[in-house]
Amino acid sequence: MSDEILFEPGRTGRLVAIRLKPNQDLVEGVEAAAEEAGLAYATVRAAVGSLVDAALGFGAGEGAGVTTVEGPGIEILTLGGELRPDRQGRPHAYLQGTVSDPDAGVYGGRFVRGANPICMTLELVLQEWIPEDGDEGEDEA
Amino acid sequence: MRLLKHPGRPLQPRRLIAEARAGGEWRCLLPEGALLGDLAGRLAARGVEQAAIQLLGGAFARFEYRCGEPAEAGAGPLLDEGERRSLDGACPLVGGSAILGRGLDGGPRLHAHALVVGPDGVLAGGRLEPAGCRVGPDGLAVQVVALAGAGFAAAQDEETGATLFEPRVEGA
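If you read the protein sequences in the order shown, they are chains A and B. Each residue of the first sequence is one higher than the last, beginning at 768 in the working numbering. Each residue of the second sequence is one higher than the last, beginning at 27 in the working numbering.
Any given hint could be a false lead.
Which residues of chain A face chain B? A partial, calculated answer using Cβ under 8 Å [as the list claims (entries may be wrong)]: (1) Leu782; (2) Leu787; (3) Lys788; (4) Gly796; (5) Val819; (6) Thr835; (7) Val836; (8) Pro839; (9) Gly840; (10) Ile843; (11) Thr845; (12) Glu849; (13) Pro852; (14) Thr865; (15) Ala882; (16) Glu890.
To be clear about the criterion: a stretch of chain A counts as covered by chain B if any three or more of its residues have a C-beta under 8 Å from a C-beta of chain B, and this derived list gives those stretches [what the hints assert, rightly or not]: (17) 798-812; (18) 866-873.
Since the hints were made in silico from the structure, they are not lab data. Here the structure is a predicted model, which means the values were calculated and not measured. A virtual CB, placed ideally from N, CA and C, is assigned to each residue, including glycine.
Based on the provided sequences and hints, a complete structural model is requested.
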């Protein structure tokens, strides 16, 4: 990876109000909703909801692991992140945050794809990010 | 991935989506002693009834919240809202967000989840009780983006049996 900071000029666009109903995966559901809304790039502006169980990734490489939190009744305390297009041009979500279990224990990490089923609901607001074409550049560190 | 069977049948579509415009954006500082729930009324006075809110920083002096827990078997929702928990003393914010929309009665409804560091240094968080979360001496900073043309409205959800926010296009 370059040691320079990549500056991506752009502007914010549409806001999209979303509800994911139960038993959908959090990551895949957010991606599907973004695609249906025609969002290629977006950021999370607000999110509240609950999960059946949670799987939160940590570390990298050989040190990578997953914290599993057993519900049901996992509250999503914070959820942040962004969506950017994958190689096929479909929105790919990078989401991280914190959750609490029914005993009020708190856990955090990256939401693992395919392992975070929505329990009651996820209410979410995404805001479109519109990169400026041809102006992408790097700035010296 | 474990899935749950809710009391009602799963209704289509599984994702509800409503596109909105930005109706203005503010960074707000709630003063010491204010309740988080005051924010809804103050925004309504500015004509903002639908918004996405990010909790940026500051601290609560009293923090009331709930953590959902499995309900006893029956025909109702699978989750109870859980017991009301409270922390008194300085509770610095770690993060959180909220959705401002319309309640079943048409009035403002604030659905907020957040994480704080409790006075004992232990992380705590859940679904906030806005009328029981009092801001501490340094205030509480939030960023509000108003949703124009669409937003959230509470509805009785047949599938879960709970009252939940759903995206709505204004005038639809």
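Hint by hint, here is what the structure shows:
Because the smallest distance between the Cβ of A/Leu782 and any Cβ of chain B comes to about 4 Å, under 8 Å, the interface hint for this residue holds. The criterion of a C-beta within 8 Å of any C-beta in chain B is met by A/Leu787, whose closest approach is roughly 6 Å, and the hint holds. Here the hint on A/Lys788 is kept, as its CB sits about 5 Å from the closest CB of chain B, short of 8 Å. Because the beta carbon of A/Gly796 sits about 7 Å from the nearest beta carbon in chain B, less than 8 Å, this interface hint is met.
For A/Val819, the interface hint holds, the least distance from its beta-carbon to any beta-carbon of chain B being 5 Å, beneath 8 Å. For A/Thr835, the interface hint is violated, since its Cβ never comes within 8 Å of a Cβ in chain B; the closest pair sits about 11 Å apart. Here the hint on A/Val836 is broken, as its CB sits about 12 Å from the closest CB of chain B, past 8 Å. At about 6 Å, the closest approach between the beta carbon of A/Pro839 and any beta carbon in chain B falls short of 8 Å, and the interface hint on this residue holds.
The beta carbon of A/Gly840 is positioned within 8 Å of a beta carbon in chain B (closest approach about 4 Å), and the interface hint is therefore held. This hint holds: A/Ile843 has a C-beta 6 Å from the nearest C-beta of chain B, less than the 8 Å allowed. Look at A/Thr845: its Cβ gets to within about 4 Å of chain B, closer than 8 Å, so that hint holds up. Taking 8 Å as the C-beta contact cut-off toward chain B, the hint placing A/Glu849 at the interface is violated, the least distance being around 14 Å.
For A/Pro852, the interface hint is violated, since its Cβ never comes within 8 Å of a Cβ in chain B; the closest pair sits about 19 Å apart. Checking A/Thr865 against chain B: minimum C-beta separation of about 5 Å stays under 8 Å; hint holds. About 6 Å separates the beta-carbon of A/Ala882 from the nearest beta-carbon of chain B, less than 8 Å, and the hint is met. For the restraint placing A/Glu890 at the interface with chain B, the shortest Cβ-Cβ distance is roughly 5 Å, inside the 8 Å limit, so the hint holds.
Remark: the region 798-812 of chain A is confirmed as covered by chain B, as 5 of its residues place a Cβ nearer than 8 Å to a Cβ of that chain, reaching the required three. Residues of the region 866-873 of chain A with a Cβ under 8 Å from some Cβ of chain B number 6, which satisfies the need for three, so the listed coverage holds.
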